[in-house]
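In the order they appear, the protein sequences are chains A, B and C. Counting from 1, one number per residue, gives the positions in the first sequence under this note's numbering. Counting from 1, one number per residue, gives the positions in the second sequence under this note's numbering. Counting from 1, one number per residue, gives the positions in the third sequence under this note's numbering.
Think of the hints as simulated: they come from the structure by calculation, not from any bench. The structure displayed is predicted, hence computed values, not measured ones. Ideal placement from N, C-alpha and C gives every residue a C-beta, glycine not left out. There's no promise every hint is true.
Keeping only pairs whose Cα atoms sit at most 30 Å apart, straight-line, the calculated DSSO-like set for lysine-lysine is [to be verified]:
| id | chain 1 | residue 1 | chain 2 | residue 2 |
| --- | --- | --- | --- | --- |
| 1 | C | Lys-33 | C | Lys-133 |
| 2 | B | Lys-338 | B | Lys-115 |
| 3 | B | Lys-532 | A | Lys-147 |
| 4 | B | Lys-115 | B | Lys-152 |
| 5 | B | Lys-502 | A | Lys-147 |
| 6 | B | Lys-662 | A | Lys-147 |
| 7 | A | Lys-124 | B | Lys-115 |
| 8 | B | Lys-363 | B | Lys-338 |
| 9 | A | Lys-124 | A | Lys-147 |
| 10 | A | Lys-124 | B | Lys-644 |
| 11 | B | Lys-488 | B | Lys-532 |
Chain A is nowhere near these chain B residues, computed Cβ spacing over 10 Å in every case [stated by the list, open to error]:
| id | residue |
| --- | --- |
| 12 | Ala-279 |
| 13 | Leu-308 |
| 14 | Arg-319 |
| 15 | Ala-406 |
| 16 | Arg-408 |
| 17 | Glu-560 |
| 18 | Phe-622 |
| 19 | Met-650 |
| 20 | Leu-685 |
| 21 | Leu-716 |
| 22 | Ala-724 |
Chain by chain, the residues run as shown.
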Amino acid sequence: MSLIDTTTPILSARGVHHAFGQTEALRGIDVDVHAGEVLAVMGPSGSGKSTLLHCLAGILAPVRGTVAYAPPGLNPVNISGLGETERSRLRLTDFGFVFQFGQLLPELTALDNVSLPLLLGGTKRAEARQRSEELLERLGLNGFAAKLPGELSGGQAQRAAIARALVTSPAVLFADEPTGSLDSLAAENVLTLMLDLVREAGTTVVMITHDARTAAYADREVIVRDGIISAGYRVPA
Amino acid sequence: MNPAVLKMALLGSRSSWGRMAGIGGGVAIGVCLVLLLWSAANGLAQRDARGAWLREMGQTSVNVPLAADGRTVNGPPEPIPLTPETILLGSLQDVFRDQVISHRDIAALPGATVKIPGIAAPPAPGQYYASPALQRLIESTPAGELGDRYGKFAGVIDDSALPGPDALVVISGATEAQLRQGPAAMLVTEFTTNPYGESAGLYRTALLVGGIAVLFPVLLLVSIATGLGAAQRRERFATLRLIGASPRLVAGMAAVETAIPSLAGALLGVVMAVAFRPAAAQIPVNGTRVFLADFTFGAGFAVTAVVLVSAACALVAARRTARTGIGPLGATRAMTEKTPTVWRAVPLLAGLAGMATGAVLTKVDTDGIPWTSALLIGGFALTSVGIVTIGPWLTRMVSTIGLHRARRASTVIAASRIRQTPVATFRSVSGLVIAVFMVSVFAGGISAIGTVETPEARPGLLLPTSVYALVAPAYTPGQVASVARSTKELAGIRDTTIGYAKTPLGQGDTMDIYIAANDAPSLGFGDPGSDKIVSFDASFLNAWTSTPVSLAAAPLVSLEGLVPVVMVVRTDGTPAAIDRARTALDASGVTATPGTSPADLAIMSNTRLIQGLAAHAYIGVFVAVVVAGISLAVSTAAAILDRKRVLGLMRLMGMPVSVLRKVIVQEAAVPLLAVLLLSVGLGFLVAWLMISSFGGGRTISWPSTEYYAALSFSLLLALAAVAATFGLVRSNTAITATRFE
Amino acid sequence: MNNTLALLGLLGREPSYGYDLKHSYDRYFGVQKPLAFGQVYSTLARMFRDDLIMALGEESGGGPDRKKYEITLTGRDKVRQWLFTPDVPSETLQSELFAKTVIALLLDDDADGLLDAQRAEHMARMRELTRLKRDADLLQVLMCDHGLFHIEADLRWIELTSARLTQLKKELQSA
Ligand SMILES: Nc1ncnc2c1ncn2[C@@H]1O[C@H](COP(=O)(O)OP(=O)(O)OP(=O)(O)O)[C@@H](O)[C@H]1O
Ligand SMILES: [Mg+2]
């Protein structure tokens, strides 16, 4: 079985190389992410997972290779060929991001944190707040909208971050160890809530994790080793 | 403290180098400015001391015999004879172009014992001693415009008797008879050394106010600089606490960590002050510089400043660290400040109350000068502090309103941040707010003094292009007329007019001056009609007369039998011609007063002195604004650096850099604008309180254009300071900023 | 663990006598429970019968302890088949996987690949259990979690082992 599927992928990386000075973080990555799937990216520390995610999301422009993004029903665009402004725009409108921790602005309430991407996109404040409130409610944060991040538990903050990532209804959600700082139960709660939401909306998810139980929530996983994707091995025929 | 821990405290990370450089730089600028200010204060005090003798008024040189009732004058004044222990001193203010020359005429008996400052012996009649600056001026000017006024150069006046290197002072010799002709020759036995007359209080107050105005932003800069990189430091201290450092150890480390760069900075500041001293001494105050030797701060003061500043920085750092209560888990939750309350209005109100009381007391109790001046200065200082104290409260109110109405992401972020940390946010602009307050105080004060406008030619008032001098009593009409004739020959002189009166100058009680009717047009009067002799009131000559004097037909057929009392020279209005007229009059020997033009009032009046003071104030404000601008840039940079991870993540999520910039701008603009109006208003209120306590019936009016310029300059500088940090936004929120260290 | 295949794998390195084979086996896998000679010889006989190994040299008439055996091509295929067929995660998996890894390293075969294959199998099982959890009642969830944690433990071992393969190989070869 080949990793590269025949159905049109929403994200498709070909021959992606990236280096930080002398450090070669990615050394020729080919990977397809299919619309609506939840893909887990695993691999040892320092293998290049985060770098790959950044390349896929247009945060970093790879030194070599292409990353094509094909929004449903639209022609693919080569993300790596876009300028910084266009990539920012794309990230704002089409992508969502969740990180391990520390991504909420500490001086904004949970509600304002969540409505921020909508405001950036030009939505009216009242409407933005209302949509954010609904989402927070779905994530079980009814009573916490007015709280500052410093007053939330790790799991609550992470759910707020997920709400912020999903509030713009992105096509792809990128998550870098979204449950890395949570205990098993909190991690599970956060994950199920997140995945229920994304599956319902048909959002594609690329999720880095080093935790097998987290990866088990995905439809598929790829393993990055030393900057390349090591294929799931099958007995040679 | 364990040396290993100390080393770690200092060399915690590469970024701590940057922080230490920031602290050192801020402290260096602060200490340098403090030392230069102190030097300036010393220089001004020295200058006043050197020039004190010029204030000597002496005693009257005549005895006025009184009638038995002790009140009415009985007979002409009798001169008090000169002795070897006394000299006769005539104090004059000569004008050359737009400069005032302190002119002292001295007549002394041979072998007089009075010590005249700056010269060995009294000059012989017809000779003069001049300050080097004046002598240079005399030598570079045609004698007919200046040099002829004083006679023959006998030597220069020693620096010890000159306020500054630019001082224009001349001591000329005269005969006793010549001096006694004039109105104001006084007997002097000893020259005073008290530099301040009755205006000492005002003068000192102004100086202190200026000092406070400049010192305030400097202290703020130091305090902001020592707070640089606080967020990073908190994290590091939290780690140390986690591995077992006691709170006291951490506070101690913070102290050492701040003390060392502050000490280095303070020492650098001393070096900078020494280096900049010659340049700073070039700044003229009231038109003259001070001697470089006077512009000095002294080793003792420097040592005290260095020790005090470093110790204060260390203590503040330790206290801040102890108060943040950094636990092993960091101080993240302690980030929220205490919400500012209305109590913050108290110092401001107290300060205003103090000033108001002072102002009222001056009206009620004229003897209470020391008291009221303390109230005024204390109240002023308290008001300045009060503005800084009330700032966070106002800022928070404004940001709360702003947050409710915010539409855009940048406004939401900025307003939320300000609401959470109003004290820290306001601190970064407080320097500018204070500077604006100071500018407003000065501008208000200056507006009250008002400018003496250059007079315009109006019929019934002496022409501004004319120069007049009163004629000494002893001269015949013929002598005076010949002087008038020779003067008229000079270049640039249109005509000369002699005014006559029934009695010589200072005698008799009528003030009417008679002229030939055909001379009337040259004095600027209209057509005199058919009369041959016309008269007008002597107030015509006074520059401060503002209602035109009218010409009257005199009941006389000729000027025979009248005495010449005044000579008026009409020039073509060029500065050279005016000075030629002055010189001709002064050198003629028939005049009792220096040649005077209506324009001299503006040059000689107190206004000029106070305007000089105002110029000084603007220099101070300029320094203050620049320092405040640096503070703003430093603290804006700190605000970016402290948040670079979160801001980086926001950017990574697609927030454009422009939004981040808007956030930064708003975070500076909101506190600035929230308090700016208040400080402008308070500035004028304070100025009004001060002015009304100084008395003199002055009132505040609209400020001059300099004020608006200074205000715009402050705002532009604020903008520039914030814009200067824009570069940091992009580089520090790049993807690498989001990596965990 | 499958002794037969482990012995067959060891034979894959080089032809050897039953006696040597037993000692190799004991060194790698029999630290706690060495193999009995009888068991070695009976296994060899069975493999001989199944054409997985063949006897070498003249002494073909002697007893099994006199013979030197060599693996056949069929035997090699059988070993590879075993190595690269991931096992269904189970309690007894550990020793089997360990044996496979060691044999693969000894044979200079792709140990990395076999671990990846096993990981994929484990992940598939975990996904299955995770899916089951979604609509299950709490008791079933607990059951699934139990399974998940065990599989995860294996996975962690796999992870660690694959990270240490190079080091392990060096050690085995120098032993
Ligand atoms: N900004 C950077 N500058 C220099 N080197 C970098 C940078 N970012 C990543 N690297 C290097 O690139 C390699 C891959 O890093 P990356 O962050 O992608 O690893 P990762 O798989 O996400 O690791 P982890 O699981 O520990 O997060 C590492 O060797 C790392 O040191
Ligand atoms: Mg990573």
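Against the structure, the hints:
no.	hint	in the structure
1	C:Lys-33 to C:Lys-133	violated (39 Å)
2	B:Lys-338 to B:Lys-115	violated (67 Å)
3	B:Lys-532 to A:Lys-147	violated (98 Å)
4	B:Lys-115 to B:Lys-152	holds (21 Å)
5	B:Lys-502 to A:Lys-147	violated (95 Å)
6	B:Lys-662 to A:Lys-147	holds (25 Å)
7	A:Lys-124 to B:Lys-115	violated (86 Å)
8	B:Lys-363 to B:Lys-338	violated (43 Å)
9	A:Lys-124 to A:Lys-147	holds (22 Å)
10	A:Lys-124 to B:Lys-644	holds (28 Å)
11	B:Lys-488 to B:Lys-532	holds (22 Å)
12	Ala-279	holds (44 Å)
13	Leu-308	holds (36 Å)
14	Arg-319	holds (23 Å)
15	Ala-406	violated (6 Å)
16	Arg-408	violated (6 Å)
17	Glu-560	holds (95 Å)
18	Phe-622	holds (35 Å)
19	Met-650	violated (7 Å)
20	Leu-685	holds (35 Å)
21	Leu-716	holds (29 Å)
22	Ala-724	holds (22 Å)
When the structure is compared with the earlier hints, violations turn up for hints 1, 2, 3, 5, 7, 8, 15, 16 and 19 and for no others.
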